[in-house]
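Visitor: With chain A fixed as given, assemble chain B onto it according to the hints.
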Amino acid sequence: MSNYRAVQVTKASSGWGGPLTILPTDEKPYIASITGGGIHPVAARIAELTGGIAVDGFSSKVEPDEMACVVIDCGGTARCGVYPKLGVLTVDVTPASPSGPLINFIKETNFVSGVKENNVSLMDEVATAAASNAASQQKKSAQELKAEARAKVASMQGNQPPKKTGFIEKIGRLMGGVVGTFYQAGRDTVEQVLRNILPFMAFVSTLIGIILFTGIGDILANVIKPLAGNIIGLLIISIVCALPFLSPLLGPGAVIAQVVGVLVGVEIGRGTIPPQLALPALFAINPQVGCDFVPVGLTLGEAMPETIEVGVPAVLLSRQITGPIAVVIAYVASFGLYSE
Amino acid sequence: MDFFVHLAEGFIGMFQEGGKTFVGLVTGIIPTLICLITAVNAFIKFVGEERIERFAAKCTGNMILRYTIFPILSMFFLTNPMAYTFGKFLPEYQKPAFYDSAVSFCHPITGLFPHANASELFVYMGIATGITQLGLSLGPLAIRYFLVGILVILIRGIVTEYITKAMMKRREAQAAV
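Chains A and B, in that order, give the protein sequences. Quick note on numbering: the numbering used here labels position 330 of the first sequence as 330, and the sequence is numbered without any gaps. Quick note on numbering: the numbering used here labels position 32 of the second sequence as 32, and the sequence is numbered without any gaps.
Since the hints were derived computationally from the structure, they do not count as laboratory data. Predicted, not measured: the structure shown is a model, and the values here were computed from it. Note that beta-carbon positions come from the ideal geometry of N, C-alpha and C, so glycine has one too. It is possible that some hints are incorrect.
Stated by the list, open to error - Computed footprint of chain A on chain B, listed as stretches where at least three residues anywhere in the stretch have a Cβ under 8 Å from a Cβ of chain A:
id	stretch
1	60–69
2	86–92
3	153–159
What the hints assert, rightly or not - One-sided and incomplete, this derived list gives chain B residues near chain A with beta-carbon spacing under 7 Å:
id	residue
4	D100
5	S119
6	P140
The following block holds chain A by itself, in its conformation from the complex (with noise of 0.2 Å):
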């Protein structure tokens, strides 16, 4: 006999993990809302759905193996791991991903992040069959059911009066809101610097370190100079690199792109180059830009199959006209430019 139903809880936008579904049982019938004192509106909305009880877990002990999930605003570090561990469902308000000590714990299958109320919904297969067990019956005694669990709940937490948020716990939950929104923009920063930047880095490091030590500078600025240090030779770059049977090749992950720019930078350095050209160039070097990924970014903007086989060229072809306009805009813009 289920007096149950199950929800539905997805990430937002910009959480992690999920979608979970919750099913309170009699032996797990808590929502637990761990969210520094009162019932946070997300565990309300689960606890209102699902017919399970919402109990505030901070200021009354729920045990673990009686949730049917928890409730917790962590921005990443102990709670968010320690219910995975104990294997509880758990739902975290902010925006957190998998980290802290006991990240290993925490998988896409018994956690979900960044939830709001409106990420909870009913599942409907599981609702209809729940009614089509015992329609009138049922309600009743789930109404009697929790009026029941109420009066348990009640009677846990004492004589006190039903709690308002208070104003200092706002406040409270809005400094944290914003803390943990900061942490969680500080992880996703190092982790970006640590998988992208750095060993990009490293790359560009030893490729000018090998250049200027090697003097293999002096033969690259031979070969730079008459194309990268006047308009003319910009333009000739510009052109080839968006021929249309070209432009596609040159494009993935503008390592072609990156590496000329570096090249350019260090003849710019040494003085090869007039510094005012560096904005002209940087339109030369990448009229190629993207070229290899138009069906991917096509797609991703939900274009039809028809409007990917014309886009493609389309592409392709504006380049060809748009590449050596934009080193002539830039050329004309780069006018003053370092020139005291």
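Guide: Chain B in isolation, oriented as in the chain A frame:
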């Protein structure tokens, strides 16, 4: 023997030179970069994707806004490559133009807002390193790169939209025959 010592020193020297450059980049760029990107990431989280979507969808009607503000917002808030998902707000014949416009902005934006495309920083940073070596400030270059970028993505958007329309018409004509 001397020859080998010389060779070994030269070999190591090459990487010492590289190491010097690396330390320069790490101490010179990374600290600022981390703080800047953290602040912007937090700002993006505070604003929230839904609000941006609502606002951005309003910019699609006008041709100028559609290929300037709209791709800039998408690139700033969603960053490369999720920015291209904003194409869903546009009719089919404008999607390639939007993609072209947005992707063309994913380097000009990095001079001022490196978070938008942090894994491809060196198109700008490579050239910028040379400017720094000359003892010049990067501000003027970053601003001009950004502004010229806006102009270029507008032109790309308009040209690509025109080409897409023409190609679609030709296809329809062919299909009709």
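Visitor: Would you mind marking each hint as holding or not holding in the structure?
Guide: Hint-by-hint comparison with the structure:
1. Requiring three or more residues with a Cβ within less than 8 Å of a Cβ of chain A, the coverage given for the stretch 60–69 of chain B is violated, as only 0 such residues are present.
2. Figure legend: the stretch 86–92 of chain B, annotated as covered by chain A; annotation consistent (5 residues with Cβ-Cβ distances under 8 Å, at least 3 required).
3. Here's how the stretch 153–159 of chain B fares: 3 of its residues keep a CB closer than 8 Å to some CB of chain A, so the rule of at least three is met and the hint holds.
4. For D100(B), the interface hint holds, since its Cβ comes within 7 Å of a Cβ in chain A; the closest pair sits about 5 Å apart.
5. A distance limit of 7 Å between C-beta atoms decides the matter here; for S119(B) the minimum to chain A is near 4 Å, and the interface restraint holds.
6. Below 7 Å, beta-carbon pairs count as interface contacts, and P140(B) has one with chain A at about 6 Å; its hint therefore holds.
Consistency with the previously given hints fails for number 1 only.
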